[in-house]
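Residue numbers (our numbering), protein chains in the order written: chain Z, 1 to 153; chain W, 1 to 505.
Hints should not be assumed to be uniformly reliable.
Stated by the list, open to error - Here are the simulated DSSO-like pairs of lysine-lysine, each with C-alpha atoms no more than 27 Å apart in a straight line:
id	chain 1	residue 1	chain 2	residue 2
1	W	Lys284	Z	Lys7
2	W	Lys219	Z	Lys76
3	Z	Lys98	Z	Lys7
4	W	Lys284	W	Lys219
5	W	Lys277	W	Lys296
6	W	Lys296	W	Lys284
To be verified - Chain W is faced by these chain Z residues, among others (derived, beta-carbon under 10 Å):
id	residue
7	Glu38
8	Ala42
9	Gln43
10	Ala47
11	Leu48
12	Gln84
13	Met86
14	Gly87
15	Leu91
16	Ala96
17	Gly100
18	Cys119
19	Val125
20	Ala129
21	Val136
Simulated from the structure, these hints should not be mistaken for lab results.
Virtual Cβ for every residue (Gly too), placed ideally from N, Cα, C.
Chain by chain, the residues:
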Amino acid sequence: MAWDVLKAAEIIDAHRHLDGATLPVLRALQEAFGYLPEEATAQVADALNLSRAEVHGVISFYHDFRRAPIGRTSLKLCRAEACQAMGADALASEAAAKLGTTWHGTTTDGRVTLEPVFCLGLCSVAPAALVGDELVARADWPRLAAALDKCGR
Amino acid sequence: MSRTHRIFVPADSAALALGADAVAVAIADEAARRQLSVQIVRTGSRGMHWLEPLVEVETASGRIGYGPVGLADVVSLFEAGWLEGAAHALRIGAPEAHPFMARQTRWTFERCGVVDPLSWEDFVAHGGGQGLAQARALGTEATLAALIESGLRGRGGAGFPAGIKWRTVRETQANIRYVVCNADEGDSGTFADRMLMEGDPLALIEGMAICGFVVGARKGFIYIRSEYPRAIRVLEQALELARTRGLLADCDIELRIGAGSYVCGEETALLESLEGKRGQVRAKPPLPAHAGLFGKPTVVNNVLTLATVPSILVRGAAGYAALGHGRSRGTMPIQLAGNIRHGGLFEAPFGISLAELVDEIGGGTASGRPVRAVQVGGPLGAYFPRALFDTPLDYEAFAARDGLVGHGGIVVFDDTVDMVRQARFAMEFCATESCGKCTPCRVGSVRGMEVVDKIIAGRDVASNLALLEDLCHTLRLGSLCALGGFVPFPVLSAVRHFPQDFQRP
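Hey, can you work out the whole structure from these sequences and the hints?
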């Protein structure tokens with residue numbers, strides 16, 4: 001969704017009363033708009049009485065916050081040790097090849113963005129993935145492809 | 001119509017990721033087709049993850065488990081008469097009698113997998129709320145004394161005595177105090193916090209209510225990682241339920257969601273993040289117990305620490321303290337993960353050996369190949385070879401062997417693992433997740449990656465190994481927190497115990 005100053009103001013207002021509101025505000029904005037464009041920094045800084053540098057510092061610190069939109073479905077593959085022990089590296093290479101993209105990259109048709117994640121808490125049923133909102137355990141490419149299909153790839 | 005049959009289908013993330021929702025729908029459909037009345041109860045997981053989705057039916061002789069149930073099995077289960085507990089290839093019998101369960105001693109995970117996590121009636125019927133009632137009856141001093149007597153130490157990894165921390169917060173002069181639950185379970189190989197929050201969230205909430213009562217806090221926060229969407233949803237509902245039932249009358253709790261930073265699992269970085277800042281580590285002192293969230297005295301405890309408190313108060317501190325090994329008292333929810341045949345959650349008194357856990361209980365590797373290494377305690381924990389499998393699970397015993405218990409996760413690797421790659425990954429992870437405050441961690445982790453790359457390429461191996469050792473020394477002594485301070489554990493243990501992997505042409 002394109003940045004909308006009024007809608008953003010509404011979202012900020014709904015969260016600004018919280019103690020240490022910066023993260024909840026940024027999370028809610030990203031949830032609504034899909035990412036945090038440059039305009040977000042100034043507007044959040046202004047509303048929360050922070051400097052732009054402070055808000056920029058927070059956005060750039062956390063892996064979850066994005067400065068640009070991603071594909072329609074996010075495919076998160078776990079890269080951590082328990083999944084490595086069950087072939088996560090090979091699965092990631094296969095997924096990247098099948099999708100024709102790399103980490104943090106989006107397929108040319110804009111459908112899927114491949115993202116690394118460090119642990120989904122599915123270490124006993126590895127390797128693990130999060131496809132859109134769906135958790136996939138004992139993941140292999142056919143299961144990931146099926147989950148992507150369900151997301152309307 | 002005959003009686004209503006109760007069927008329990010886990011809604012734990014591990015079960016969901018293996019198709020439990022679709023199985024629940026298929027069961028309901030098949031029951032309807034057969035004109036049987038069924039009530040499907042969504043529970044947490046028992047912790048036998050290789051059997052998920054592990055479906056249980058309530059029979060005249062108790063609950064009987066069947067697993068792993070796939071969509072294709074549903075019709076045959078009905079055909080076999082599973083609602084009466086009949087024989088079937090997937091039948092495991094009474095779940096609590098299964099050898100994996102029967103060997104456990106559950107204090108923290110008593111209710112997990114048994115109850116509907118969002119049913120107040122289930123909670124109360126299984127002892128929920130009695131811990132807080134007991135605390136109120138005992139009073140704050142006696143509750144604190146019981147907690148100290150139990151020997152409960154912080155389950156997040158640092159192992160600091162919980163009672164001492166609570167007492168410090170209680171005795172610090174202030175107008176406001178806070179209780180903060182660290183639910184930023186980022187270590188690979190660990191999922192006990194997630195399971196508890198999904199399977200018995202009210203235990204955690206009750207533990208926080210007790211903590212608030214003892215230390216005099218009127219406000220609590222649960223800081224949970226964003227990578228746990230299911231746990232977030234369950235906790236939101238559980239907090240609402242607890243609020244309407246009066247469990248939060250004296251100390252309200254707010255749920256806060258992280259934003260993908262591993263270092264925010266470090267308590268001072270977590271507090272910075274809660275305050276709305278970059279998750280950069282603070283220097284200690286001051287301790288959070290003296291000046292924590294917004295500068296106020298704050299208890300920061302892990303999910304498991306807080307969730308164990310009610311059962312200690314109900315079942316008795318002496319009973320808890322009687323379990324364990326050395327100075328590690330009580331039980332530890334151990335997580336068996338990675339390349340393991342019987343992965344899942346195993347709660348046992350401290351003192352159990354790695355060999356028992358990996359070989360007997362875990363059943364060796366999932367791949368069927370020999371176990372070569374285990375990493376205990378997350379990405380900052382040491383890699384242990386089979387020669388060290390006699391190490392008992394005990395904070396001090398692990399420390400004596402240059403390892404750590406951490407949050408109790410054990411990741412198993414088979415003989416295809418390349419330990420020089422694992423050492424490189426430890427440095428890479430540290431570089432990715434460093435908060436940037438301490439130069440040895442911020443810069444040293446990148447240099448560490450480069451040095452390991454040279455070793456992999458076979459360039460000046462001996463001198464690069466010496467350099468790596470020296471760099472690890474700097475990281476250990478020159479970092480404020482465990483990220484930079486402990487990353488030498490996986491790196492140097494890999495070098496020490498698996499030298500051949502670092503000496504290839």
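Status of each hint after checking the structure:
no.: 1; hint: W/Lys284 with Z/Lys7; verdict: violated, 41 Å
no.: 2; hint: W/Lys219 with Z/Lys76; verdict: violated, 34 Å
no.: 3; hint: Z/Lys98 with Z/Lys7; verdict: violated, 38 Å
no.: 4; hint: W/Lys284 with W/Lys219; verdict: holds, 23 Å
no.: 5; hint: W/Lys277 with W/Lys296; verdict: holds, 17 Å
no.: 6; hint: W/Lys296 with W/Lys284; verdict: holds, 14 Å
no.: 7; hint: Glu38; verdict: violated, 19 Å
no.: 8; hint: Ala42; verdict: violated, 17 Å
no.: 9; hint: Gln43; verdict: violated, 16 Å
no.: 10; hint: Ala47; verdict: violated, 12 Å
no.: 11; hint: Leu48; verdict: holds, 8 Å
no.: 12; hint: Gln84; verdict: holds, 7 Å
no.: 13; hint: Met86; verdict: holds, 6 Å
no.: 14; hint: Gly87; verdict: holds, 9 Å
no.: 15; hint: Leu91; verdict: violated, 14 Å
no.: 16; hint: Ala96; verdict: violated, 17 Å
no.: 17; hint: Gly100; verdict: violated, 24 Å
no.: 18; hint: Cys119; verdict: holds, 5 Å
no.: 19; hint: Val125; verdict: holds, 5 Å
no.: 20; hint: Ala129; verdict: holds, 9 Å
no.: 21; hint: Val136; verdict: holds, 6 Å
Of the numbered hints stated above, those contradicted by the structure are hints 1, 2, 3, 7, 8, 9, 10, 15, 16 and 17, listed in ascending order.
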